[in-house]
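Asker: Residues per chain, in single letters:
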Amino acid sequence: EDQVTQSPEALRLQEGESSSLNCSYTVSGLRGLFWYRQDPGKGPEFLFTLYSAGEEKEKERLKATLTKKESFLHITAPKPEDSATYLCAVRPNFGNEKLTFGTGTRLTIIP
Amino acid sequence: DVKVTQSSRYLVKRTGEKVFLECVQDMDHENMFWYRQDPGLGLRLIYFSYDVKMKEKGDIPEGYSVSREKKERFSLILESASTNQTSMYLCASSREQRGYEQYFGPGTRLTVT
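The listed protein sequences correspond, in order, to chains A and B. Just so we're on the same page, the working numbering is the position in the first sequence counted from 1, plus 205. Just so we're on the same page, the working numbering is the position in the second sequence counted from 1, plus 516.
FYI, nobody ran anything at the bench for these hints, they're computed from the structure. Built from N, CA and C at the ideal position, the CB exists for glycine as well. A few of these clues could be false.
Straight line, CA to CA, 35 Å or less: simulated DSBU-like cross-link-like pairs of lysine-lysine [what the hints assert, rightly or not]:
| no. | chain 1 | residue 1 | chain 2 | residue 2 |
| --- | --- | --- | --- | --- |
| 1 | A | Lys247 | B | Lys534 |
| 2 | B | Lys571 | A | Lys247 |
| 3 | B | Lys587 | B | Lys573 |
| 4 | B | Lys587 | A | Lys284 |
Pulled a few chain B residues facing chain A out of the computed Cβ check, cut under 7 Å [said to hold, decoys possible]:
| no. | residue |
| --- | --- |
| 5 | Tyr526 |
| 6 | Gly621 |
| 7 | Pro622 |
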């Protein structure tokens, strides 16, 4: 069974304090790993797709990386507007079309 | 930009009522999905559809049904609402391609009393 575990559950940072969020996964062959941002009361917003180990993607202060067992979402010099819950999901190579999601990391950036 | 819209942001229904949640996407995507999201449980897939009139069960289909008569529209039906179906319901769509990212609507917060 595919599994996704995100850590930490919650993270509080001072503005400008860089850190990383972790997504560990177990999947029977990875077709893609996805990062989403979710603001309270809203639907998830797509950020990145990673396909294979060693791949990296960047967007503003965020950088996502991928190994064979985990992905990291690095946030550099965060601002208060980066506060949100960040979700990770995986799609296996085989089986039906569904994604398996982690429960997310709730990130709070303190001004 | 991909746009996925849902018919209501907030909905309050009584136990036993039949409830319809509507989702519309404007990007000609083949796949559409219904999830529910509950604290501590994350997003769980209820049903998905990969073509008009086609559907497949997700992880938690019990108590739900779906309808897809047109490519852009996917409906979730609660035949007889129960209090344990109080949740945030999220619709998503995607194109069938290697990237397979799903784009989500704003969600419907359903409360069953």
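Asker: Now tell me if each hint is right for this structure.
Answerer: Going through the hints against the structure:
1. Pair hint Lys247/A plus Lys534/B holds up; C-alpha atoms about 24 Å apart against a cutoff of 35 Å.
2. Of the supplied pair hints, the one linking Lys571/B and Lys247/A holds, its CA atoms being roughly 25 Å apart against a limit of 35 Å.
3. Simply put, Lys587/B and Lys573/B have alpha-carbon atoms about 18 Å apart, close enough for the 35 Å limit, and the pair holds.
4. Of the supplied pair hints, the one linking Lys587/B and Lys284/A is violated, its CA atoms being roughly 40 Å apart against a limit of 35 Å.
5. A hinted interface residue such as Tyr526/B counts as satisfied when its beta carbon comes closer than 7 Å to some beta carbon of chain A; here the least separation is about 10 Å, so the hint is violated.
6. Because the closest C-beta pair between Gly621/B and chain A is about 5 Å apart, less than 7 Å, the hint holds.
7. Proximity of Pro622/B to chain A holds as hinted, the smallest CB-CB distance being about 5 Å (cut-off 7 Å).
When the structure is compared with the earlier hints, violations turn up for hints 4, 5 and for no others.
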